[in-house]
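Asks: Residues per chain, in single letters:
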Amino acid sequence: MKNVAKTLFFIRNWLNLNGKKGVYFYAVLSGIFAAFIALGFQKASHFILSVFTSSDGKSVVESFSQAEPWQRITSLVAGGIIAGIILLFAAKKVKKRPTPYMEAVSIGNGYIPVKANLLRSLAAIVTIGSGASIGREGPLVQTVAVFASMFGRRTNLSTTRLRLLIACSAAGAMSAVFHTPLAGGLFVCEIVIGVMSIDILAPLLVSSCTSYLVLAAIGSSAPLYENSYAHVNVDFEIVFYTILLGILASLMARVWLSMLAHARKLLNRNINFLPIRLAIAGAIVGTISIWFPEVTGNGAHIIRGIVSMNFALDEISAILVLKILSVALFFGMGAVGGVLTPSLTIGGVFGFFFAHMLVYLGVPLSENEIIGFSVIGMAAFFTTAAAAPLTSMMLVIEFTMAGQLIFPLIVAVLVSHGVAIMMRTKSMYAQSAEGGMRGAFGKPLKNIRIKDIFRKTEDTVSLTETFDGIAKIFLKNPEYAVYVVSRSNKYIGGILRSDILSFIKSKTLSSNVIAEDIMRADIPVLRTDMPLIDGVKIFAENPQYESMPIVNSENEFYGIVNRNDIFMGFNEILKRDKLDRE
Amino acid sequence: MALIRVMEYKGTREQTKCLEFMFSQIEDSMSPENFEKFKEAVYMREDTASTYVGDELAVPHGRVDGLSAEYITVCLCKGGVDWPSEDCTAKIVVLIGVDKSKISTYLAVLQKIIKWKKNAGADVDSLTTESVLASFEDMLG
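Chains F and D supply the protein sequences, listed in that same order. In this note's numbering, each residue carries its 1-based index in the first sequence increased by 80. In this note's numbering, each residue carries its 1-based index in the second sequence increased by 3.
In case anyone wonders, no lab produced these hints; they're calculated from the structure. There could be a bad hint or two in this list.
[To be verified] Short, incomplete list of chain F residues facing chain D, as computed with Cβ under 7 Å: (1) Val541; (2) Leu543; (3) Thr544; (4) Asp579; (5) Phe583; (6) Ile584; (7) Ser590; (8) Asn592; (9) Glu596; (10) Ile598.
[Said to hold, decoys possible] Restricting the straight-line Cα-Cα distance to at most 25 Å, the calculated cross-link-like pairs of lysine-lysine (DSS-like) are: (11) D/Lys121 - F/Lys195; (12) F/Lys101 - F/Lys123; (13) D/Lys20 - F/Lys587; (14) F/Lys552 - D/Lys118; (15) F/Lys617 - D/Lys118; (16) F/Lys523 - D/Lys120; (17) D/Lys105 - F/Lys585; (18) D/Lys118 - F/Lys585; (19) F/Lys587 - D/Lys40; (20) F/Lys552 - D/Lys40; (21) F/Lys587 - D/Lys103; (22) D/Lys40 - F/Lys585; (23) F/Lys570 - D/Lys115; (24) F/Lys570 - D/Lys103; (25) F/Lys552 - D/Lys105; (26) F/Lys585 - D/Lys115; (27) F/Lys587 - D/Lys120; (28) F/Lys531 - F/Lys176; (29) D/Lys105 - F/Lys587; (30) F/Lys176 - D/Lys115.
Since the model is a prediction, treat every value here as computed from it, not as a measurement. Each residue gets a CB set at the ideal place from its N, CA and C atoms; glycine is no exception.
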């Protein structure tokens, strides 16, 4: 890894890939890495599945259908125990907590601790491989992001570039998992970053398209749930039904999100019992799978069944209820996994029910129209679940290649999004995106405080930190100041790179100078409760500072605000605020 | 601009006595307000961590707002001064005073002093105030 990083670092410098050229260089690179890591992740979980179930099925459901009843239970129980032990070990033995990639991009400095996260990835591979009813996308994207963060730090990327590299790798991973080059980029832009601008979207799309291309070259890149015949006729009556579906899917998604939150609150308590909890979840779902193997896996099998009309209404009713319970059980018990595909599955089944209800009420719908409503339901449900109308729409279009659905999809996702806003539904990603600009976009400008757009930083030092230690931080992250804090985390001052730049590699000073010697106490300090507008003014009046510290009323160091963030965030919030007022 | 003074210290081995001796030599060249702030800054820095840099050299220093020049006061202590304890004996003490904002200047001065001591070798007894003044003026003047 170190040699690869060094070689790429050399290539970057040799080709003089600075500025925008450099961004696209990293986007292509992250796309290639993402595709290979995603494939590796999938192969690893599939290998575990074949070992646990002693079958050669292509999917989890297929393998479980082939396996003996006792194997279905033992696979899930064993998977739960092993994953639980790994997670318990990570929680007890690894100091740093696993930072989610969304947090690293939206409010962090791009640093994702390796050990804790890779252990979680390992636990996820075992959980998913054992057939648990949980999505693989979340841990897979996280794994790709860990490698991207590690690589970026090895090549001394600046914080801004590092965050972009992680964002690009996440887009590449999404594209590799779902075979969706456009939705992969949109997912990160809309959900993680929260700003839809071509400057940000372009590198994300370069990465997701590169990943897709690699996948096409070495594996299959066909649409996951292709049914290009799915459609609904566009007339006033159908638009009315589509609006109704959008409203109901949004409300249903709200119930689903609340169910997940309650499940986690009720079931995921003492970490010491994690292996037992996951084993219990495995035993329950394993037993259900003897009669309904469809409850295992992420739900992709169910979506495939719906878009090819393989399920009868009564059969799918039982599967839906059991699937919801299984996902909530694993999620609640603390399994590492995502709920993206399970959410799409539930949305799809809901749309399927809705279409059948219309048929029952006398609306004549063809088979392809029933599938069309299922796909619309999937998008509308996911719009509220993820607070991402554009991604939802493009995701289902790329899944099915049903371009004829574009008009009703627009109607349904907009309605669902509107209902979610009115109902103040918090998406499943709300917690990861909390803090940072992403969370501030929904508020009126006058209510936004500095603490709403802060970034966390681990680059703080004590008064006695040596010059060598400080220089290492600057070499790793040359853009921002290093802040000096006391043992009780009180802010003392800041060290500017410009002050020490010419001496940064000096061996003479390395142990003879400490933070106190080179610290400035006159760097403007922002307060957590300060209105955003006041922060903008302070940055405008002090153009020499790229970042400023934030402290709370007790003068405790809270984080930093970057010049780029504050101006970009202010601009975006201003636009939205203006729209609201108009 | 650097105001360089070189002197010899023949007092006790106590760190405070040596520092007070050096302060008394420069008191007249600073405003009383700056002088008090400077003294306080030097002692505070010494409280945080020792300024003994090895090779029988100590560089106590303070950064104070409003200093118009760099104050470099070199003291040859041939009898040795415990800095801060008997484990570290300083035979050359360089007291540095710089303006709070001039961090690069402080680092440049410190780097030159440490390099000078390395080149000057271990034999402090052979150094005279005149030769040290000439070296410092050549180096920092």
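Asks: Against this structure, judge whether each hint is valid.
Replies: Checked hints:
Using the Cβ-Cβ criterion of 7 Å, the hint placing F/Val541 at the interface with chain D is not satisfied: the shortest such distance is roughly 13 Å. With a cut of 7 Å, the hint placing F/Leu543 at the interface with chain D holds, because the nearest CB-to-CB distance is about 6 Å. For F/Thr544, the interface hint holds, the least distance from its beta-carbon to any beta-carbon of chain D being 5 Å, beneath 7 Å. For F/Asp579, the interface hint holds, the least distance from its beta-carbon to any beta-carbon of chain D being 4 Å, beneath 7 Å.
The closest approach between the C-beta of F/Phe583 and any C-beta of chain D is roughly 5 Å, which is under the 7 Å cut-off, so the hint is satisfied. Look at F/Ile584: its Cβ only gets to about 10 Å from chain D, farther than 7 Å, so that hint breaks. Hint on F/Ser590 is violated. Least Cβ distance to chain D is approximately 11 Å, over the 7 Å limit. At about 4 Å, the closest approach between the beta carbon of F/Asn592 and any beta carbon in chain D falls short of 7 Å, and the interface hint on this residue holds.
Hint on F/Glu596 holds. Least Cβ distance to chain D is approximately 5 Å, under the 7 Å limit. The beta carbon of F/Ile598 is positioned within 7 Å of a beta carbon in chain D (closest approach about 5 Å), and the interface hint is therefore held. Of the supplied pair hints, the one linking D/Lys121 and F/Lys195 is violated, its CA atoms being roughly 43 Å apart against a limit of 25 Å. Distance restraint check for F/Lys101 and F/Lys123: the Cα-Cα separation of roughly 34 Å exceeds the 25 Å cut-off, and the hinted pair is therefore not satisfied.
Between the alpha carbons of D/Lys20 and F/Lys587 the distance comes to roughly 32 Å, so the proposed pair goes past 25 Å and is violated. For a cut-off of 25 Å, the pair hint linking F/Lys552 to D/Lys118 stands: about 22 Å separates their Cα positions. Proximity of F/Lys617 to D/Lys118 is assessed by CA-CA distance (about 45 Å); at most 25 Å being required, the pair is judged violated. About 61 Å separates the Cα atoms of F/Lys523 and D/Lys120, which puts this hinted pair outside 25 Å; it is violated.
Taking the CA atoms of D/Lys105 and F/Lys585, the gap is about 19 Å. The hint holds against a cut of 25 Å. A distance of roughly 15 Å separates the Cα atoms of D/Lys118 and F/Lys585; the hinted pair therefore holds under the 25 Å criterion. At roughly 31 Å between alpha-carbon atoms, F/Lys587 and D/Lys40 are farther apart than 25 Å, so this suggested pair is violated. Restraint check for F/Lys552 and D/Lys40: not satisfied, since their Cα atoms lie roughly 32 Å apart, outside the 25 Å limit.
Our distance criterion of 25 Å between C-alpha atoms is met by F/Lys587 and D/Lys103, whose separation comes to about 23 Å. Restraint check for D/Lys40 and F/Lys585: the C-alpha separation of about 32 Å exceeds 25 Å, so the hint is violated. Among the hinted pairs, F/Lys570 with D/Lys115 is inconsistent with the structure: their alpha-carbon atoms are about 34 Å apart, more than 25 Å. Of the supplied pair hints, the one linking F/Lys570 and D/Lys103 holds, its CA atoms being roughly 21 Å apart against a limit of 25 Å.
Taking the CA atoms of F/Lys552 and D/Lys105, the gap is about 22 Å. The hint holds against a cut of 25 Å. For a cut-off of 25 Å, the pair hint linking F/Lys585 to D/Lys115 stands: about 15 Å separates their Cα positions. Taken as a hint, the F/Lys587 and D/Lys120 pair is honoured in the structure, with Cα atoms around 15 Å apart against an allowance of 25 Å. A distance of roughly 24 Å separates the Cα atoms of F/Lys531 and F/Lys176; the hinted pair therefore holds under the 25 Å criterion.
Restraint check: the Cα-Cα separation between D/Lys105 and F/Lys587 comes to about 21 Å, which is no more than 25 Å; the hinted pair holds. Pair hint F/Lys176 plus D/Lys115 does not hold up; C-alpha atoms about 40 Å apart against a cutoff of 25 Å.
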